[in-house]
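**Q** The working numbering numbers the first residue of the sequence shown as 87 and each following residue consecutively.
Keep in mind that the hints were calculated from the coordinates and are not lab data.
Predicted, not measured: the structure shown is a model, and the values here were computed from it.
Take these hints with a grain of salt, some might be off.
Claimed, not checked - Label pairs and their computed distance ranges (CB to CB): (1) Asn345 with Ser235: 27 to 33 Å; (2) His161 with Thr287: 31 to 37 Å; (3) Arg215 with Asp186: 29 to 35 Å; (4) Asp186 with Met342: 52 to 58 Å; (5) Thr104 with Asn303: 19 to 25 Å; (6) Thr104 with Arg215: 27 to 33 Å; (7) Thr103 with Glu131: 38 to 44 Å; (8) Pro351 with Lys290: 44 to 50 Å; (9) Asp352 with Gln113: 49 to 55 Å; (10) Thr103 with Asp238: 44 to 50 Å.
Stated by the list, open to error - When the alpha-carbon atoms are kept at most 25 Å apart in a straight line, the in silico DMTMM-like pairs for lysine to aspartate or glutamate are as follows: (11) Lys217 with Asp144; (12) Lys93 with Asp301; (13) Lys93 with Asp304; (14) Lys93 with Glu108; (15) Lys123 with Asp96; (16) Lys93 with Asp186; (17) Lys198 with Glu131; (18) Lys198 with Asp222; (19) Lys198 with Asp186; (20) Lys217 with Glu283; (21) Lys198 with Asp153; (22) Lys217 with Glu333; (23) Lys123 with Asp110; (24) Lys290 with Asp326.
Yeah, the Cβ is synthetic: ideal placement off N, Cα and C, and Gly gets one too.
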Amino acid sequence: MNNHITKYRDGFPSGTTTITAENDAHQTVPITVQVQKFPAGSSIELTTDQECAWLLMDGAVQGRVSDLEFDFDRHSLFDESASCLHMCAGTDLSMTFARDTEFTVYSCSNNKPFAARVFNPEDVANEPRGKGQVNDRCLRYVRTIFDGSNSDANTELVLGEVITFQGGWSSYPPHHHAQPEIYHYRFTEPQGYGHGELGETVLKVRNFDTVKIVDENDHAQCAAPGYGMYYSWVIRHLPDDRYTVPEFTEEHRWIMSENARFWNPDV
87 MNNHITKYRD GFPSGTTTIT AENDAHQTVP ITVQVQKFPA GSSIELTTDQ ECAWLLMDGA
147 VQGRVSDLEF DFDRHSLFDE SASCLHMCAG TDLSMTFARD TEFTVYSCSN NKPFAARVFN
207 PEDVANEPRG KGQVNDRCLR YVRTIFDGSN SDANTELVLG EVITFQGGWS SYPPHHHAQP
267 EIYHYRFTEP QGYGHGELGE TVLKVRNFDT VKIVDENDHA QCAAPGYGMY YSWVIRHLPD
327 DRYTVPEFTE EHRWIMSENA RFWNPDV
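Let the hints inform the model, and build the full structure from the sequences given.
**A** Written as structure tokens, this is what we have:
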């Protein structure tokens, strides 16, 4: 069982790369994660066979999903909010790429119908979560693209992004939840790195790594000084337990208090 996938640190080739597969015999999280890269001037047309979300990482694309048109252009994961498509099985999708374009694609087996959605950057807030806590050491931007609050009850995925500031923490205080989750990482520099917790195990994460979060493990993250850290996060609802909010680990909840007292030397 390998919950830390590191074999793509040199980057992804053109075409489709499957990082995790829902139907893999060794899969611990029932979500497929792929990177799809398309050259400038190319086009695709397809009909989905699963619930899926296409999250633009970089590039310029025009297209239609179901009866909705979209026009995306993204140059930075760090300075621009998300552009994303979310659709059910049996949805028609067509796209034409004005420049080299990269998506991450998240999918799962789900035949229940729901209306396709187009999320533009202005639809996805940069929430400054952790602001004011312990001198802003865990201040980060959380971009929840879709979850139970803005999705049809027939959906099974939750998707978002986190921007961790250089030298800072995110997914903090440590938290956990019953639903399985996957993080996929990028950094402001190719040599950038950070650390991610899986319970009591600490992983050194680098550009293009992917981590599967299972067994209700805590999963706090931190970025090395000098390197901004991005990760997409995708959660799959459980049949009788849809994801809503995480549960913060009790021993560290105190840092969320408005009047929390902590060691803070003068330097």
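**Q** State for each hint whether it applies.
**A** Consistency of the hints with the structure:
As the Cβ distance of asparagine 345 to serine 235 is approximately 30 Å, the hint placing it in 27 to 33 Å holds. The supplied range of 31 to 37 Å is met by histidine 161 and threonine 287, whose beta-carbon atoms lie about 35 Å from each other. The hinted range of 29 to 35 Å is satisfied by arginine 215 and aspartate 186, whose Cβ atoms lie roughly 32 Å apart. At roughly 42 Å, the beta-carbon separation of aspartate 186 and methionine 342 lies outside the given 52 to 58 Å, and the hint is violated.
A C-beta distance of roughly 24 Å is found between threonine 104 and asparagine 303, which places it inside the suggested range of 19 to 25 Å. In this structure the supplied range 27 to 33 Å holds for threonine 104 paired with arginine 215, their Cβ-Cβ distance being about 31 Å. Checked against the hint of 38 to 44 Å, the pair threonine 103 and glutamate 131 fails, with Cβ atoms roughly 21 Å apart. Between proline 351 and lysine 290 the Cβ separation comes to about 28 Å, which falls outside the hinted range of 44 to 50 Å.
A beta carbon spacing of about 51 Å between aspartate 352 and glutamine 113 agrees with the range 49 to 55 Å that was offered as a hint. Taking the beta carbon of each, threonine 103 and aspartate 238 are about 29 Å apart, not inside 44 to 50 Å as hinted. This hinted pair does not check out: lysine 217 and aspartate 144 have alpha carbons roughly 28 Å apart, beyond 25 Å. Proposed proximity of lysine 93 and aspartate 301 is supported: the alpha carbons are some 23 Å apart, at most 25 Å.
In summary, the hint linking lysine 93 to aspartate 304 is supported, as the alpha carbons are separated by about 24 Å, within the 25 Å threshold. Taken as a hint, the lysine 93 and glutamate 108 pair is honoured in the structure, with Cα atoms around 18 Å apart against an allowance of 25 Å. Among the hinted pairs, lysine 123 with aspartate 96 is consistent with the structure: their alpha-carbon atoms are about 15 Å apart, no more than 25 Å. Restraint check for lysine 93 and aspartate 186: the C-alpha separation of about 23 Å stays at or below 25 Å, so the hint holds.
Only pairs whose Cα atoms come within 25 Å are accepted, and lysine 198 paired with glutamate 131 is accepted, the gap being roughly 22 Å. Between lysine 198 and aspartate 222 the alpha-carbon distance is near 42 Å, which puts this suggested pair outside the 25 Å criterion. Simply put, lysine 198 and aspartate 186 have alpha-carbon atoms about 33 Å apart, too far for the 25 Å limit, and the pair is violated. For the hint pairing lysine 217 with glutamate 283, the CA-to-CA distance comes to about 22 Å; that is within 25 Å, so the pair holds.
A distance of roughly 18 Å separates the Cα atoms of lysine 198 and aspartate 153; the hinted pair therefore holds under the 25 Å criterion. Among the hinted pairs, lysine 217 with glutamate 333 is consistent with the structure: their alpha-carbon atoms are about 19 Å apart, no more than 25 Å. Restraint check: the Cα-Cα separation between lysine 123 and aspartate 110 comes to about 22 Å, which is no more than 25 Å; the hinted pair holds. The straight-line distance between the Cα atoms of lysine 290 and aspartate 326 is roughly 34 Å, outside the 25 Å bound, and the hint therefore fails.
Going down the numbered hints, you'll see the structure goes against 4, 7, 8, 10, 11, 18, 19 and 24, while the others check out.
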